[in-house]
Amino acid sequence: MQEKTKMTAFKPIAVATLAAGLVLAGQPATAGEITVVSWGGAYTKSQVEAYHKPWMTQTGHKIKSVDAPNPAAPIKAQVKAGNVSIDVADVEYSDAVRYCDEGLLETIDPSVLPPAPDGTPATEDFIEGALTDCAVANIVWSTVFAYDAAKFKGAEPKTIADLFDVKKFPGKRGLRKGAKPNLEMALMADGVPAAEVYKLLTTDAGVARAFKKLDTIKKHVVWWEAGAQPPQLLADGEVSMTTAYNGRIFNAAIGEDKPFKIVWDGQVLDFDLFVIPKGAPNKDLALEFIKFATDTQRLADQAKYIAYGPARKSSGKLVGLYQDGKTQMAPHMPTAAANMGNALVNNFEFWADRDSELNERFNAWIASN
Amino acid sequence: MPTATDTVAAGDLGPLTTGDGTPLKTALARATRRARLKALFLVAPLLLFVIVTFAVPIGQMLYLSIYNPVFSDNMPRLSSWLRAHDVTQVRGEDAFKALVLDLTEARANRTHAQVGTRINYERTGATSLFKSTARKIKRIKGPPYKDQLLALNEEWGELHLWTVMTRAAAPHTAAFYAQALDLSYDAEGDIVRAPENRRIYGHLFLRTLLLSALVAGLCLILGYPAAHLLASLPLKYSNLLMVMVLLPFWTSLLVRTTSWITLLQSQGVLNDMLVSVGILSDNGRLELMYNQWGTVIAMTHIMLPFMILPLYSVMKTVPKDFVRAARSLGAGPVTAFLRVYLPQTVPGIGAGILLVFIISVGYYITPALVGGSSGQLISNQIAFHMLQSLNWGLAAALGALLLGGVILLYWLYDRLVGVDNMKLG
Chain Z
1 MQEKTKMTAF
11 KPIAVATLAA
21 GLVLAGQPAT
31 AGEITVVSWG
41 GAYTKSQVEA
51 YHKPWMTQTG
61 HKIKSVDAPN
71 PAAPIKAQVK
81 AGNVSIDVAD
91 VEYSDAVRYC
101 DEGLLETIDP
111 SVLPPAPDGT
121 PATEDFIEGA
131 LTDCAVANIV
141 WSTVFAYDAA
151 KFKGAEPKTI
161 ADLFDVKKFP
171 GKRGLRKGAK
181 PNLEMALMAD
191 GVPAAEVYKL
201 LTTDAGVARA
211 FKKLDTIKKH
221 VVWWEAGAQP
231 PQLLADGEVS
241 MTTAYNGRIF
251 NAAIGEDKPF
261 KIVWDGQVLD
271 FDLFVIPKGA
281 PNKDLALEFI
291 KFATDTQRLA
301 DQAKYIAYGP
311 ARKSSGKLVG
321 LYQDGKTQMA
331 PHMPTAAANM
341 GNALVNNFEF
351 WADRDSELNE
361 RFNAWIASN
Chain A
1 MPTATDTVAA
11 GDLGPLTTGD
21 GTPLKTALAR
31 ATRRARLKAL
41 FLVAPLLLFV
51 IVTFAVPIGQ
61 MLYLSIYNPV
71 FSDNMPRLSS
81 WLRAHDVTQV
91 RGEDAFKALV
101 LDLTEARANR
111 THAQVGTRIN
121 YERTGATSLF
131 KSTARKIKRI
141 KGPPYKDQLL
151 ALNEEWGELH
161 LWTVMTRAAA
171 PHTAAFYAQA
181 LDLSYDAEGD
191 IVRAPENRRI
201 YGHLFLRTLL
211 LSALVAGLCL
221 ILGYPAAHLL
231 ASLPLKYSNL
241 LMVMVLLPFW
251 TSLLVRTTSW
261 ITLLQSQGVL
271 NDMLVSVGIL
281 SDNGRLELMY
291 NQWGTVIAMT
301 HIMLPFMILP
311 LYSVMKTVPK
321 DFVRAARSLG
331 AGPVTAFLRV
341 YLPQTVPGIG
351 AGILLVFIIS
361 VGYYITPALV
371 GGSSGQLISN
381 QIAFHMLQSL
391 NWGLAAALGA
401 LLLGGVILLY
411 WLYDRLVGVD
421 NMKLG
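Chains as they are written, first to last, in the working numbering: chain Z, 1 to 369; chain A, 1 to 425.
Hints were generated in silico from the structure; no laboratory data involved. All figures in this text were calculated on a predicted structure; none of them were measured in a lab. Hints should not be assumed to be uniformly reliable.
Said to hold, decoys possible - Taking beta-carbon pairs under 7 Å as the criterion, some of the chain Z residues facing chain A (in silico):
(1) 73
(2) 76
(3) 103
(4) 106
(5) 109
(6) 112
(7) 235
(8) 238
(9) 284
(10) 285
(11) 288
(12) 356
Stated by the list, open to error - Mimicking SDA-like on lysine to any residue, the simulated pairs with C-alpha atoms at most 25 Å apart in a straight line are:
(13) Z:167 with A:266
(14) Z:158 with Z:257
(15) Z:80 with A:266
(16) Z:219 with A:336
As the list claims (entries may be wrong) - According to the in silico footprint, chain Z covers these stretches of chain A (three or more CB under 8 Å from chain Z):
(17) 103-113
(18) 124-134
(19) 191-200
(20) 384-390
Cβ atoms here follow ideal geometry from the backbone N, Cα and C, with glycine treated the same way.
From just these sequences and the hints, can you work out the full model?
Structure follows, in structure tokens:
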């Protein structure tokens, strides 16, 4: 079955490549290469299928796809060292804002982005907040927690509080090694309404309360760093529940038939955005790629491969079936109405400002026994 | 070079000369100098390579631990004011004017966030203070600046902020070392211990040293008999055993580390086996991964060849006759081992322990993968500050302290055992 889907998915691409090759033969040899850094695993794969391959066949340019646990990290190092090799990076909202403020990114004029098919300009077509001075969003994603249904025969976890309840639901927990979004989830599990989470986190007492809640499961936690790890930890049976990026769990559950279930309660929504580091070697080509990758069709295409919502309103209508040809994608999107019941939208300003401080505190907390 | 006394002495006896009349001494000096230059010429490529790719970058990196000009470069007016005044006494209109002008300029150059980040290293919340103020800086209309700025955010009046800025105004700073030693400056600029929930590095340095010593000790216990076996077996058997030592040595450490995860995790091969045999109950699985034990076990395995190889090379040279002679003279096996064999293998033990210990101290991949939270070492924090928080000054300070510690231990070792007694192969 899987072989078959692979073949059918492969054929049009092979044909397209051939066609592009023929077209290219008649063109002057100006093909360039850009380096695109993303998060790896199923996510990078969805971008390769939806953005990279069509762009390469249409333009003849090449893309070097690089994976990083957090693509934002190498940007600052490279810009500061004056040795930039990245042309495009896919980063989180708070990093896009922080790095833009620090002058590490090229500014991107949103008016150059292609309009929606019906002519709506890009600035109105993108979801509110999806365009910043230096970045163009491609997806809305979410940190959720998921569990292995085979592990819980009786009652199954339903709310964010269950993630922190090792008495009722025994077993190890997987959490992302970092302050974000553990602090938010801890507060929500402690009974704080989503709307008040960030207000509380700006106070010392709120941060202390979040850490106190995290204390209760500290001994049961396996920390993960790369997005590909949590589904692996679940599959290995190393943890019974883990926080994860929703698309990764979707990929494991629908794509690989694992008995994983997502709990949407207490999910934390975020954007991923394309940025160009200051001094990128192929700046113009990088912008061409971003314009191509964030048009209506391409964003809708990505949703064919992974359960992340497109950042354009006009793409929403085009989202259809998963690449298996039978799963409707819409209900798996973090933004689906049924999943938004108790959702928190990541406050990028909060994290852009407090990132270093809270992570330092988090590291001290994790290192002390 | 001939000296005055030489010429006097030579004058008495008549100088010894070569065929063409040059004094022998000069000729000899010239010949050795030429040989030395030739030797230097031959090693010059290596020397250059080491200097360019190793010594200079490390030196530069270490320099970052005391040098950070972000603030003084981007806030020039305020920096010169801070260097000239005592902030605990005066913080008048002229100081705030310099601050506002600098901040306006930094905002235009998009450097205000970097400046804030520099201050944030020592005073949390400064990044947001600088950024939010810079965002609203246009609202400040002409002098007097002080009241307008304080109206924007009263934190600008706080003494602690100003003492931190004073220290940052000098491009050279000891702040990173203070932080690496779990110290901080209070509002008056005095050094005090960091608050409890921020103390982390002293604890981690200690853990790193202890775990590295434990790994070195375990390697010695496991490696010594193995090396002895290798050295005493006939060649056709020992070669096979040697391959078994070298094979893991040649395998990527990432592969070995992840194999350990597969073996030892709580749903892993070992635990599954023990449960199926009935030694453990399903709920009582051993926790051997994602904690200190994971780090110790995986690192011991990875370091083992570094212990066995120097031990083996030393044991190979120990004549078997000595132990036999001791036995025939009446020594028991234990005495013969302790008084004849062991002392002759000390150079190998020293080399092995030092090698394993020093490599372990700087290890970071294995603890990162299998260490969980209790098996993290100081190198993981250095990596964090290099790659994630990008606080290179602190990373450099931690690295310098680690380097200093290793050099100190090496010096101690030299005093106690003697480096000449070490044999690496």
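Requested in this report: Could you tell me which of the hints above the structure violates, numbers in ascending order?
Outcome: 4, 5, 6, 7, 9, 10, 11, 15, 16
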